[in-house]
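Protein chains: 2
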Amino acid sequence: MEKLECVFCAKSFPLDIFFPFCPECGEPLLVSRTKKQRSFRTDKKLAVEIFGDFLPLERIEPGLTLGEGDTPLLELGRLASLDKMPFTLTKNETVNPTSSFKDRGSVVAVQKAVSLGIKTIGTISTGNMAGSTAAYAAKAGLKSVILVKEDTTKEKILAAGIYGPILVKVKGDYGRLFRKSFEIGRRHGIYFMNSVDPFRIEGYKVTGYEIFLQLGARSPEYVFAPVSAGGHLIGLMRAFLDLRDEGLIRKIPVFVGVQAKGCSPLVRAFSSGKTSFTRFSNPRTIAHAISNPNPPGGNIVLKMLRENKGMLIAVSDAEIIKAQKLLAEREGIFCDPASATVLAGLCQLAQKTSFKPRDRIVLVITGSGLKTIEDLDIARIDYHEAAIDGLEKMLDSVLR
Amino acid sequence: MEKLECVFCAKSFPLDIFFPFCPECGEPLLVSRTKKQRSFRTDKKLAVEIFGDFLPLERIEPGLTLGEGDTPLLELGRLASLDKMPFTLTKNETVNPTSSFKDRGSVVAVQKAVSLGIKTIGTISTGNMAGSTAAYAAKAGLKSVILVKEDTTKEKILAAGIYGPILVKVKGDYGRLFRKSFEIGRRHGIYFMNSVDPFRIEGYKVTGYEIFLQLGARSPEYVFAPVSAGGHLIGLMRAFLDLRDEGLIRKIPVFVGVQAKGCSPLVRAFSSGKTSFTRFSNPRTIAHAISNPNPPGGNIVLKMLRENKGMLIAVSDAEIIKAQKLLAEREGIFCDPASATVLAGLCQLAQKTSFKPRDRIVLVITGSGLKTIEDLDIARIDYHEAAIDGLEKMLDSVLR
Chain A
1 MEKLECVFCA KSFPLDIFFP FCPECGEPLL VSRTKKQRSF RTDKKLAVEI
51 FGDFLPLERI EPGLTLGEGD TPLLELGRLA SLDKMPFTLT KNETVNPTSS
101 FKDRGSVVAV QKAVSLGIKT IGTISTGNMA GSTAAYAAKA GLKSVILVKE
151 DTTKEKILAA GIYGPILVKV KGDYGRLFRK SFEIGRRHGI YFMNSVDPFR
201 IEGYKVTGYE IFLQLGARSP EYVFAPVSAG GHLIGLMRAF LDLRDEGLIR
251 KIPVFVGVQA KGCSPLVRAF SSGKTSFTRF SNPRTIAHAI SNPNPPGGNI
301 VLKMLRENKG MLIAVSDAEI IKAQKLLAER EGIFCDPASA TVLAGLCQLA
351 QKTSFKPRDR IVLVITGSGL KTIEDLDIAR IDYHEAAIDG LEKMLDSVLR
Chain B
401 MEKLECVFCA KSFPLDIFFP FCPECGEPLL VSRTKKQRSF RTDKKLAVEI
451 FGDFLPLERI EPGLTLGEGD TPLLELGRLA SLDKMPFTLT KNETVNPTSS
501 FKDRGSVVAV QKAVSLGIKT IGTISTGNMA GSTAAYAAKA GLKSVILVKE
551 DTTKEKILAA GIYGPILVKV KGDYGRLFRK SFEIGRRHGI YFMNSVDPFR
601 IEGYKVTGYE IFLQLGARSP EYVFAPVSAG GHLIGLMRAF LDLRDEGLIR
651 KIPVFVGVQA KGCSPLVRAF SSGKTSFTRF SNPRTIAHAI SNPNPPGGNI
701 VLKMLRENKG MLIAVSDAEI IKAQKLLAER EGIFCDPASA TVLAGLCQLA
751 QKTSFKPRDR IVLVITGSGL KTIEDLDIAR IDYHEAAIDG LEKMLDSVLR
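Protein sequence lines, in the order shown, are assigned to chains A and B.
So for the first sequence, our numbering puts the first residue at 1; every next one is plus one.
So for the second sequence, our numbering puts the first residue at 401; every next one is plus one.
Source of the hints: derived by calculation from the structure; they are not laboratory data.
Just so you know, these numbers come straight off a predicted model, no measurement behind them.
Careful, some of the hints might be misleading.
Some chain A residues flagged as far from chain B (calculated, every beta-carbon gap over 10 Å) [said to hold, decoys possible]: (1) Met85; (2) Lys261; (3) Arg268; (4) Lys309; (5) Tyr383.
Cut-off 20 Å, straight-line C-alpha distance, at most; resulting in silico cross-link-like pairs (EDC-like, lysine to aspartate or glutamate) [to be verified]: (6) A:Lys44 to A:Glu24; (7) A:Lys356 to A:Asp83; (8) B:Lys569 to A:Asp396; (9) A:Lys143 to B:Glu555; (10) B:Lys444 to A:Glu75; (11) A:Lys171 to B:Glu475; (12) A:Lys325 to B:Glu785; (13) B:Lys580 to A:Glu27.
Label pairs and their calculated CB-CB ranges [claimed, not checked]: (14) B:Arg668 to A:Asp173: 24 to 34 Å; (15) B:Arg459 to A:Leu82: 47 to 57 Å; (16) A:Lys36 to B:Glu792: 53 to 63 Å; (17) A:Asp173 to B:Pro757: 51 to 61 Å; (18) A:Arg41 to B:Lys703: 20 to 30 Å.
Yeah, the Cβ is synthetic: ideal placement off N, Cα and C, and Gly gets one too.
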């Protein structure tokens, strides 16, 4: 059985799947390294099999996968000509079975659930995690309990509800619900694989290993990722720390966590040199998927970024909206506002920092724009109307 | 330069990119086989590179790809226990950059457009093709002209419009617009890569080759695919005909084209033994993506299915809705109603046909449910409401 460790107390604890938090300081626990010998099984097909040595699973059950991972790493083509833009690639996590990076975590956490004989899993989510958890539960034949906010839109209810979970709109404070979910989980045998679940975080490492291999077994110089609860960035960083431990790279990339200005508790703490953040009052941003005023993994993020010369930056909604449109119009990638923060962050940083000509920048695009289509303003889209007989004249004037 | 051929007149013609139809009978032309030596380049990464020998492209430009293809082939896990269900796999084309199979065709047609020096591409679409064509045009730096129906929903306008095409809502008959688009295209240098574009169809072949390799260099016994304009099914069949020509398989799978009962012009023609179909009056089905009353590739589909012992079947909207829910609830795949026809068709056929125990069935899932979320009835989704303090009691009663 795995041990979990607290990065603050530097102690390890036996796995308690129903409450993976430090009994001493309350911070989230992470999985301790277990396997001595680790290598990439590049002869395998599934991402979780190729990188299985680096995951805390005794064995991989292929019947529990939806074919997640192995996502494209694409060079910015047309955006490369923007002012001061360094050599940049996107890691497109929207091309996952439920259209977000969450599937990377769900597949590992669900494998763990099944191996432990758990019959019901759960999560708290405003969107992407709801659909991902419900879909993997469906594939595995597990029940799932999906707790969403009171004001969750009909579209988001449908996108998760289609998988047949026990879906509950919950009224009340989400920090309180986060803690409460674990109490209920323990009493009812529900494994709540929430945002900073240690196995979920291990799953996110796979994205990092893929980037390394896709670059020809090299590390990029910078990795930009949106930061909400913190789990995703923690996983991505752990991937490169693993690669360094294995002697495969010398130094880890500079990680740049990006938050929306309207909800940036970690940027505020980091820029004032604090080791712990405080709750962000009145969050307000179009990037709903990362609008977490009280991120449970926040203090780990602050610690890891400080120890590894990372950065945290905030971008405005106007910058986000502009970046979302640029990614679609120039690169053919339609992402959600939360993902667009990474391009907004790069544009911002490029004005202040001199990237070296050989620097390789990776932007992790986390979720599909199709899931946030109700946030898109139709006024931002140009369209015309014509009858068949008037079409040619109309096109003629537009194409000139 | 490629030659195009008419499968009815058995003649070939030089490529006319602005009107790829037979000058004699008016049917769509297909690409003639050009390369003598063909093999799979499994050392390559991109699907269009691996299967490049089988595509009518002089060279592949990696900068024009969005990382399409290499989609999961997954065994039905929990649905396998349904009554009389044979061994079945899904080929999940929703995991493509713009969430549908159209990307397979767009990448090849756009490569061709760029190689011919074309600056503007176009398409007529009600949904998936609009987004796919606009996205690949954006990546390639081409202008795109996207013609959509007058009553296209705001969501669909947004999902295509985000890529910055010249988007036009056109009022009038779509059969007429289809023909008109080519006239306008020729005069204005716009390559209209519509549903049965010969290069688009070549791109769909890649899905077939992938299925073959994913099954361990073997052919499945049956392939089910939704049928609308016909291009997709023609491409899938051509893939297995190629494999047979190469001596890699002995016989091609039984292809089962599935249409919605409410718009089934090809099923009607096929079941009455006709070699050509007639327009379907008053189409009405929830499967909008395949609601084409006058499919331009229809007669080729009829001919190819007849020559290769294929089938065409129709399923009702009730069967479609049930199948869509089953795929989500049991297999974790959220597809659109058009895709769900394939499971509905298999369930229908399984009641009449005795599949052999060793038969392998592949269902091609063509588009994501996220794009048709407005067609989902919230009444079909169970959800609950609770305050935090009442949550445990509520869950207790549901979980019992």
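Going down the list of hints, with the structure as the test:
1. The beta carbon of A:Met85 is kept farther than 10 Å from every beta carbon of chain B, the shortest such distance being approximately 16 Å.
2. Distance to chain B confirms A:Lys261 as a non-interface residue, since its nearest Cβ pair spans about 23 Å, more than 10 Å.
3. Distance check for A:Arg268 against chain B: the nearest CB is about 27 Å away, which clears 10 Å, and the non-interface claim stands.
4. A:Lys309, annotated as away from the interface, keeps every beta carbon of chain B farther than 10 Å; the closest lies near 31 Å.
5. Not every Cβ of chain B is farther than 10 Å from the Cβ of A:Tyr383; the closest lies at roughly 4 Å, contradicting the non-interface assignment.
6. Using a Cα cut-off of 20 Å, the hinted pair A:Lys44 and A:Glu24 is violated, with the two alpha carbons roughly 41 Å apart.
7. Between the alpha carbons of A:Lys356 and A:Asp83 the distance comes to roughly 14 Å, so the proposed pair stays at or under 20 Å and holds.
8. Between B:Lys569 and A:Asp396 the alpha-carbon distance is near 16 Å, which keeps this suggested pair within the 20 Å criterion.
9. Between A:Lys143 and B:Glu555 the CA atoms are separated by roughly 32 Å; this puts the pair beyond 20 Å, and the hint is violated.
10. This hinted pair checks out: B:Lys444 and A:Glu75 have alpha carbons roughly 17 Å apart, not beyond 20 Å.
11. Proximity of A:Lys171 to B:Glu475 is assessed by CA-CA distance (about 39 Å); at most 20 Å being required, the pair is judged violated.
12. A threshold of 20 Å between alpha carbons decides the hint, and for A:Lys325 with B:Glu785 the separation of about 36 Å lies outside it, so the pair is violated.
13. The straight-line distance between the Cα atoms of B:Lys580 and A:Glu27 is roughly 65 Å, outside the 20 Å bound, and the hint therefore fails.
14. Hint check: B:Arg668 to A:Asp173, Cβ distance near 59 Å, so the stated range 24 to 34 Å is violated.
15. Checked against the given bound of 47 to 57 Å, the beta carbons of B:Arg459 and A:Leu82, roughly 28 Å apart, lie outside it.
16. Distance hint check: the CB atoms of A:Lys36 and B:Glu792 are about 42 Å apart, inconsistent with the given range 53 to 63 Å.
17. Checked against the given bound of 51 to 61 Å, the beta carbons of A:Asp173 and B:Pro757, roughly 56 Å apart, stay inside it.
18. Take A:Arg41 and B:Lys703: their Cβ atoms lie about 46 Å apart, and the range 20 to 30 Å is violated.
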